Amino acid sequence: MAMISALALEICVVCVGIFLLMADAFYVHLDKRALAYGGIFGLLVVFAMTFFIEPVPKEYLAFYADDSLGIFFKRFALLGTILTLILSIEYAPVVERFIPGSKPGAGLGEFFVLPVFTCAGLMWMASAADFVMIFCALELVTISFYIQVAYMRKNQASLEAGTKYLILGALSTGFLVYGITWIYGMTGQTGLQKISGALLFFPQASQTALLFGIGLVLVALGFKVAAAPFQFWVPDVYQGAPTPVTAFLSVGSKAAGFVVLMRVIEPFLAVPVINAKLVAALQVLAGLTLIYGNLAAMPQTNLKRLLGYSSIAHAGYLLVGVASVGSPSAGRAIVFYLLGYLLMTFLAFLVLIPVAKAAGGDDIAHFNGLGRRAPGLALAMLISMLSLAGLPFTVGFLGKFFIFEAAMREQHYALVAIGVVTVACGFYYYLKVVRAMYWQPAPADAGPIEVSALTRFAATFLAALILIIGIFPKPILQILP
Amino acid sequence: MPTLAHYLFVSGGLFAIGLLGVLLRRNILIIFMGLELMLNAANLSLVAFSRFHPGHDGLPGYSAQVFVFFIITVAAAEVAVGLAIIVALFRAKQTTHVEDLDTLKF
Numbered sequence: 018m019a020m021i022s023a024l025a026l027e028i029c030v031v032c033v034g035i036f037l038l039m040a041d042a043f044y045v046h047l048d049k050r051a052l053a054y055g056g057i058f059g060l061l062v063v064f065a066m067t068f069f070i071e072p073v074p075k076e077y078l079a080f081y082a083d084d085s086l087g088i089f090f091k092r093f094a095l096l097g098t099i100l101t102l103i104l105s106i107e108y109a110p111v112v113e114r115f116i117p118g119s120k121p122g123a124g125l126g127e128f129f130v131l132p133v134f135t136c137a138g139l140m141w142m143a144s145a146a147d148f149v150m151i152f153c154a155l156e157l158v159t160i161s162f163y164i165q166v167a168y169m170r171k172n173q174a175s176l177e178a179g180t181k182y183l184i185l186g187a188l189s190t191g192f193l194v195y196g197i198t199w200i201y202g203m204t205g206q207t208g209l210q211k212i213s214g215a216l217l218f219f220p221q222a223s224q225t226a227l228l229f230g231i232g233l234v235l236v237a238l239g240f241k242v243a244a245a246p247f248q249f250w251v252p253d254v255y256q257g258a259p260t261p262v263t264a265f266l267s268v269g270s271k272a273a274g275f276v277v278l279m280r281v282i283e284p285f286l287a288v289p290v291i292n293a294k295l296v297a298a299l300q301v302l303a304g305l306t307l308i309y310g311n312l313a314a315m316p317q318t319n320l321k322r323l324l325g326y327s328s329i330a331h332a333g334y335l336l337v338g339v340a341s342v343g344s345p346s347a348g349r350a351i352v353f354y355l356l357g358y359l360l361m362t363f364l365a366f367l368v369l370i371p372v373a374k375a376a377g378g379d380d381i382a383h384f385n386g387l388g389r390r391a392p393g394l395a396l397a398m399l400i401s402m403l404s405l406a407g408l409p410f411t412v413g414f415l416g417k418f419f420i421f422e423a424a425m426r427e428q429h430y431a432l433v434a435i436g437v438v439t440v441a442c443g444f445y446y447y448l449k450v451v452r453a454m455y456w457q458p459a460p461a462d463a464g465p466i467e468v469s470a471l472t473r474f475a476a477t478f479l480a481a482l483i484l485i486i487g488i489f490p491k492p493i494l495q496i497l498p
Numbered sequence: 334m335p336t337l338a339h340y341l342f343v344s345g346g347l348f349a350i351g352l353l354g355v356l357l358r359r360n361i362l363i364i365f366m367g368l369e370l371m372l373n374a375a376n377l378s379l380v381a382f383s384r385f386h387p388g389h390d391g392l393p394g395y396s397a398q399v400f401v402f403f404i405i406t407v408a409a410a411e412v413a414v415g416l417a418i419i420v421a422l423f424r425a426k427q428t429t430h431v432e433d434l435d436t437l438k439f
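Going down the list, the sequences are from chains D and P. Reading the first sequence from the start, the letters are residues 18 to 498 in the numbering used here. Reading the second sequence from the start, the letters are residues 334 to 439 in the numbering used here.
What the hints contain is simulated information worked out from the structure, not anything from laboratory work. A quick note: this is a predicted structure, and the numbers were derived from the prediction, not measured. Cβ coordinates follow ideal geometry from the N, Cα and C atoms, glycine included. Incorrect hints may appear among the rest.
What the hints assert, rightly or not - Pair ranges (Cβ atoms, derived): (1) F444(D) / L362(P): 23 to 33 Å; (2) L362(P) / A434(D): 26 to 36 Å; (3) L416(P) / G118(D): 15 to 25 Å; (4) G388(P) / E76(D): 14 to 24 Å.
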């Protein structure tokens, strides 16, 4: 059987993106939605290719890791991008209203193509094993997200969200680069493997400077994964951005941030003196993020903003996992949690977009009476919300369970206690949505809600996976890295 | 003869000026200049570290020098996108002050 190198995957994704851009430029009369279908098809082909991988040549290993974790997150990025494109097709009429253009559909093409390039960046991040590579991949993702967040140029909320994301994203880039500088200065290397070697060789190499460098990198990655106290951009950006971009941002960007975080801290955890301080810092971050995310979510009335705070809260649970990374089961717990997070977040957004389109807004009040108006959509939203809250027999419950188990093994009892209390808070605000759907009367002028066949298929698929993995996690756990 | 410490002090100063500019100034264009200053501070200390810590062969560490080129390129891309967003914002709101960005409020 013909085998391909993992390096070819990203190149294929970039080629798909360039091909779509060309098609957009040269076929003037093309229906722009065809670009999205083309993108979905191209990414599905690349997804199939990930199952026929051969190891990369040794020379590349210094900056490109093609281990099972990397391959898993490449598939994760591809799946996330495909779902984003499905959301974008559903959301296209809204975007069309808010971009200036003389012809119908003008300027819509890039909206479907940019996620493909972001996907390439996410895939490179999944494999990056050198700070130069981490930086370049991270920036490819971040810069293409700037454009996507600010995409609706006639909508002030979108522009404002884009500006805020631009300034805070660039600030975190500044911290990242300056932190890397100090790590390089103290070890003389940019590759993670070589840094690990240098650290074991000179364990005393000026600790203060090294800790300063790691601290700055941690701050920058804290911005990317939305950890408190670096989370203040999240609610505004999530609310203002076009909804498919919000979904992509909350899943893709966060997952890639966590892969990079796990890879970056690994060499430093091997040094005992740094290990203690790093784990303490991660514990503080996790605790703060859990408390802030869950408490601030409670009074929200806008569903997109609520999901923004919920994304901060989930970053907190994942950070508990990262802080317990000394335990052998923590890595798998984080990966499982991220997989579950992808399923339930995209399901929530798949329901949100058609409902918001029909109701003309994305407040929780717009979901009033959805249980009777559109029982299918309401059921999907119910599954997603219960899973996000962590009800047993859903993937969200098992994710939290594995994370807490790893934390117990590392004896982070305080974190587990905070975690359990905040899960209880979580039930309150997720069930607010459920209450609106089933116990509130529908507004009198509510029109029918149209859902395309593709969205219906994707939502059914995700809801089924949430329940199946929630009840039979064994087969999935076995194939996780 | 300037030593490594001199370069690091200048670089630290640049980083601090950039960071303070981001935190204290209210004009988005000035904030953006501060951000670019922070990236250049990193460039300066990278080159200084690579010059003063030569490898086994006596040559400066090349990975830092290559990294600087990547940082310069990425910074240029960031400016291109960033200024486009700021121009679009100015067209929509006729302002570049952060206090006027108040559509999204809790």
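Results of checking the hints against the structure:
Checked against the hint of 23 to 33 Å, the C-beta distance between F444(D) and L362(P) comes to roughly 46 Å, which is inconsistent with it. L362(P) and A434(D) have their C-beta atoms about 47 Å apart, which leaves the hinted 26 to 36 Å range violated. The hinted window of 15 to 25 Å between L416(P) and G118(D) holds, with their beta carbons roughly 22 Å apart. Between G388(P) and E76(D) the beta carbons are some 18 Å apart, a value that agrees with the proposed interval 14 to 24 Å.
Consistency note: the structure conflicts with the earlier hints numbered 1, 2.
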